[in-house]
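Chains as they are written, first to last, in the working numbering: chain X, 1 to 471; chain R, 1 to 378.
Incorrect hints may appear among the rest.
As the list claims (entries may be wrong) - Calculated lysine-lysine pairs in the PhoX-like style (CA-CA distance at most 20 Å, straight line):
#1 R:LYS39 / R:LYS358
#2 R:LYS176 / X:LYS454
#3 R:LYS176 / X:LYS436
#4 X:LYS454 / X:LYS403
#5 X:LYS32 / X:LYS302
#6 R:LYS262 / R:LYS64
Since the hints were derived computationally from the structure, they do not count as laboratory data.
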Amino acid sequence: MALQEEIGLMAHLMRRAGFGDPREELEERASKGYEAVVEELLHPECRPAIDDELLYRMFPGYEGAAAPPINQAEWVYRMINTKRPLEEKIALFWHQLFATSNSKVDNPPELTRQIAMFREYGFGTYRDLLVELAKSPAMIFWLDNHGNHDGAINENWGRELLELFSLGVGNYAEDDIREAARAFTGWTIAPKIPRNPLGRFYWEFEYKPEDHDDREKTFLGHTGNFDGEDIVDIIANQPATARFLARHLYRFFVADEPHVSSWHVTPPIDPDAIQLLVDAYDESRGDIRSILRVLFNSEFFKSARFARVKCPAELIVGTVRMVGNYSGFMPGFNNLALECGWQGQELLNPPSVEGWHTGSEWIDPGVLMRRVNFAARILGDTSIPGVQAIIKRVLTHGLAEGKLSPQAIVAACLDTMGPLEVSEATRAELMAHAEKDGELSWNTNEELRATVGKVSKILTLIAASREYQFA
Amino acid sequence: MASTHKDPVLVVLELTGANDYLNTIVPYADPLYWDNRPKVNIAEDQLLIIDDELAFRSDTEPLKEIYDAGKMAIIHGIGFDNSPRSHFRAMDIWHTCEPDSIGINGWLGKVIRDLDPGGENVLKGVNLGQGLPRALTMRGVPVTSVNHLPTYGVLSSNPGIASDQEQVQLLDSFAKMYAPAIGAGPAMEYLGQAGRDALRGADIIRVAPETYSSNVEYANNTIARRLRDVAQVHLAGLGTQVFYTSHGPFDTHYDQLGSHTKIWMEVSAAISDFFTDLREHNAAGEVVMMVFSEFGRRVRDNGTGTDHGAAGVAFAIGDRVNGGMYGTYPSLKPGDLSQGDLAPNYDFRGFYSTLADKWLGLDPVPIVGGNFEQMSFV
Chain X
1 MALQEEIGLM
11 AHLMRRAGFG
21 DPREELEERA
31 SKGYEAVVEE
41 LLHPECRPAI
51 DDELLYRMFP
61 GYEGAAAPPI
71 NQAEWVYRMI
81 NTKRPLEEKI
91 ALFWHQLFAT
101 SNSKVDNPPE
111 LTRQIAMFRE
121 YGFGTYRDLL
131 VELAKSPAMI
141 FWLDNHGNHD
151 GAINENWGRE
161 LLELFSLGVG
171 NYAEDDIREA
181 ARAFTGWTIA
191 PKIPRNPLGR
201 FYWEFEYKPE
211 DHDDREKTFL
221 GHTGNFDGED
231 IVDIIANQPA
241 TARFLARHLY
251 RFFVADEPHV
261 SSWHVTPPID
271 PDAIQLLVDA
281 YDESRGDIRS
291 ILRVLFNSEF
301 FKSARFARVK
311 CPAELIVGTV
321 RMVGNYSGFM
331 PGFNNLALEC
341 GWQGQELLNP
351 PSVEGWHTGS
361 EWIDPGVLMR
371 RVNFAARILG
381 DTSIPGVQAI
391 IKRVLTHGLA
401 EGKLSPQAIV
411 AACLDTMGPL
421 EVSEATRAEL
431 MAHAEKDGEL
441 SWNTNEELRA
451 TVGKVSKILT
461 LIAASREYQF
471 A
Chain R
1 MASTHKDPVL
11 VVLELTGAND
21 YLNTIVPYAD
31 PLYWDNRPKV
41 NIAEDQLLII
51 DDELAFRSDT
61 EPLKEIYDAG
71 KMAIIHGIGF
81 DNSPRSHFRA
91 MDIWHTCEPD
101 SIGINGWLGK
111 VIRDLDPGGE
121 NVLKGVNLGQ
131 GLPRALTMRG
141 VPVTSVNHLP
151 TYGVLSSNPG
161 IASDQEQVQL
171 LDSFAKMYAP
181 AIGAGPAMEY
191 LGQAGRDALR
201 GADIIRVAPE
211 TYSSNVEYAN
221 NTIARRLRDV
231 AQVHLAGLGT
241 QVFYTSHGPF
251 DTHYDQLGSH
261 TKIWMEVSAA
271 ISDFFTDLRE
281 HNAAGEVVMM
291 VFSEFGRRVR
301 DNGTGTDHGA
311 AGVAFAIGDR
321 VNGGMYGTYP
331 SLKPGDLSQG
341 DLAPNYDFRG
351 FYSTLADKWL
361 GLDPVPIVGG
371 NFEQMSFV
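Excised from the complex, chain X in its bound form (with noise of 0.2 Å):
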């Protein structure tokens, strides 16, 4: 394999399981190679945390942060400048899984607490994962399962366990959620303070076992005296479950994939590939990191180049990351957090328990404005010492002998951004004004002048582009 080749998979490995890298890292990790890179990401522990302590004392404001956009700037720092990629994508996957918003917990530190929890358990098994995520406080209050007695059942976390977190429609009767509703009684929060006028507090899960209803139930053909445990634990051993977050995996990770809510009814584009993924939950007992391995070292992975729509988080981050802006302690985080809230994916406070829709519909006229707008600003500012790197690294790279041809330039500015595939029209744009005033040179001052300018607004035009929305 090429070296140029290799590098391009690694860029594709690390939109998909991180953020984007700059280049420079994107070689030191090929130099690695692909499987050793893959099991270093899924080991997050090999690559040091991000230091809590220093972070609150430069940002005191993030340690509990209270409110929007407080508590999203804090997850977006920690995207951007993790040494631990995955940790922070497979935390805003759980997130998208489990989605749960702050529109009704009105809780942030719990929902900043509900992510750590996600980084904690988002690599083991999807048994321990789903208790933990019954003993989430704010998933308790969002799904109101403190609202759920023994004798007077609410239903709300039972049924959305099964259809959205677990099984999916179609592989469970309405009894099934009555009898989890029934296993999960005594599942609760405590303190219960009202919130207001005395502000927010840190709730602990609590369970109450004279709210717990311990008679015979049956789920799922199973019979017993269940609680909560219990019900995870059938679940965990469905095949649909295996099945259910082998497509999330593939959609979240591989390629665009309708929305979850017509999985009953649409098969998945490729059968094969859910397949691999659900032997691997098999053998695996429902691990994690295992389906991720199998999932980052398939064929069908390293092909899905460029087969998915970048969330907002992926675009607004992967573009910062590529410049090499706010990397360390700075003001501009809120903004940023912000913006992924103004294109349409704001952080910890999903517009359902369903999540975002993703693909295309992350997508429509005014959102598409914006993501044009908010890259090109980044890659046409030359005043940003990683644009002016990277224009110095395709002066570097094109130069033969003096001079740069159009072609070269062009080449090298889609490497440096990616690698990046384009169309055959995109390129032919980017050509155009490449090929505007002739061959580029930098003997005098004016030249060099011209020629960043030009590569510039190549920059420009490539983050304005189609393919510079995919992943």
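Here the structure of chain X is known, so what remains is to put chain R in place on it, guided by the hints.
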């Protein structure tokens, strides 16, 4: 023959952060007001008396003038049962009309869909602000969101673009990059269409500031600029029937007297300038503005401010509005309060229904999700 009929226009102004009802329309004749507001009250010499019970505050004098001219309806006690006292949840309920579940579609998204079922005019609904409020969100209903009218557009205010000529060249390239392509696949084709629509919408809306001139000098603050942008787009005749904008913060837990005064001076002057501007252009008749906030604030003050409450007040303003008082001011008697707050006595969905039905001519039932008592302010 050109039609003289002009479509009705609704301008929605959201007061973000929960506006204090008691200090906006002041029940000055009720001793309970003074008992409960020992610190955070509107002093007697600052009151603009409406009748023997209620008064405006002096910094809203422009609103008092509109009211006295019979062009402002005051809707009392608005809200909903089990008011959550959470900004986020309450605002969601106002935006989606779903008090009991998490709604996805915004009520104004449904209004825009019903006004333009074919989705032919991307400017049928225009938000002035960042992003899109949930009220305007509905899958398949295109809405334009403009943060700053003069710089709105694809590849606008880009630091790398030195001249208008370069801008034209880049936009030309953008259009070609987003042109229909054979065999590009559905996702690429969809993005192409979105890019072309974005260019088209920006091209259309660009005429608004270019064709606008006015003798009204709006103040230099955000709400004044936003309402001037609304006036510009409206006067350009682009077919927009729903405008949305918001202003805040009204979340006056602390130091309320100072901040509430400042924000109401800005808002009431901006509203007054907006209608003066429209009248100058003979375009006020087709516009009704509705003003709302997610809830009111606690009856008893906390020493320097007020905490989250329940019932609030809403306004409908316009030349075609039947001005006056609607509904009843909720009682301040301790036994009538709901957890220390004014108890809502008028469902906000009735307010929406009135506007959808009597002003926009739409069936309100599917928009607000049921039948609710309408009023006769329009």
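Each hint, compared with the structure:
Taken as a hint, the LYS39 of chain R and LYS358 of chain R pair is broken in the structure, with Cα atoms around 41 Å apart against an allowance of 20 Å. Using a Cα cut-off of 20 Å, the hinted pair LYS176 of chain R and LYS454 of chain X holds, with the two alpha carbons roughly 19 Å apart. Straight-line distance between C-alpha atoms of LYS176 of chain R and LYS436 of chain X comes to about 16 Å, which keeps the hinted pair within the 20 Å bound. At most 20 Å may separate the alpha-carbon atoms for a hinted pair to count; LYS454 of chain X and LYS403 of chain X meet this at roughly 14 Å.
Restraint check for LYS32 of chain X and LYS302 of chain X: satisfied, since their Cα atoms lie roughly 17 Å apart, inside the 20 Å limit. Straight-line distance between C-alpha atoms of LYS262 of chain R and LYS64 of chain R comes to about 17 Å, which keeps the hinted pair within the 20 Å bound.
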